[in-house]
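Use the sequences and the hints to build the structure in full.
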Amino acid sequence: MFSDILGIPAHPLYVHAAVVFVPLLALFAVVYAVVPRWRAKTGWLTAGLAVLAPLAALVAKLSGDDLLAARYAAGPPANVLQHRSYGTTTFWLALALGVVTGVLLWAIGGRLPGPAWLRTALQAVVLILAVVTAYYVVRTGDSGAESVWGRT
Numbered sequence: 669m670f671s672d673i674l675g676i677p678a679h680p681l682y683v684h685a686a687v688v689f690v691p692l693l694a695l696f697a698v699v700y701a702v703v704p705r706w707r708a709k710t711g712w713l714t715a716g717l718a719v720l721a722p723l724a725a726l727v728a729k730l731s732g733d734d735l736l737a738a739r740y741a742a743g744p745p746a747n748v749l750q751h752r753s754y755g756t757t758t759f760w761l762a763l764a765l766g767v768v769t770g771v772l773l774w775a776i777g778g779r780l781p782g783p784a785w786l787r788t789a790l791q792a793v794v795l796i797l798a799v800v801t802a803y804y805v806v807r808t809g810d811s812g813a814e815s816v817w818g819r820t
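If you count the sequence shown from 1, position 82 lands on 750 in my numbering, and the numbers rise without skipping.
Calculated from the structure, these hints are not laboratory results.
Think of the CB as a built atom: it goes at the ideal place given N, C-alpha and C, for glycine as much as any other residue.
It is possible that part of the hints are untrue.
Ranges between beta-carbon positions, derived for each pair [claimed, not checked]:
#1 L786 / G675: 47 to 57 angstroms
#2 N747 / W785: 38 to 48 angstroms
#3 T788 / R739: 40 to 50 angstroms
#4 A685 / A742: 23 to 33 angstroms
#5 A738 / W706: 17 to 27 angstroms
#6 T788 / H684: 27 to 37 angstroms
#7 I796 / P704: 18 to 28 angstroms
If you want it as structure tokens, here you go:
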């Protein structure tokens, strides 16, 4: 399922979903966390992205693993292994951001009892995870492009 689509390696196709949805999750999570007046307008979209973005990152990672196994049976070069490492980190960060964003949506929606500092802490964690996740999306994409195209 993850190796090819109509004879074309699937990874370069699937990765586009992660490149779009993970940064959108980071953006909308931050907006939801820090702009109260936009929460009503962005809540459902943020919730959808909290599910969709980690799934897109997982599919990109799994298709990359399949491509690596198919193309580098004798062992991949170091730059491909570095790209794989960044991709794995990106997936875990996207998953963490999705989960924490979901908890924040639940907390701000008034369904999580507890002190106000807990919501503030969740907002801070969302902000930090969003920045780190966006950074790793860029690092992963850059290392992938570099491993295929090199510097021009």
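Report the numbers of all earlier hints that the structure fails to satisfy, in ascending order. Of the numbered hints given earlier, the structure breaks just one, which is hint 5.
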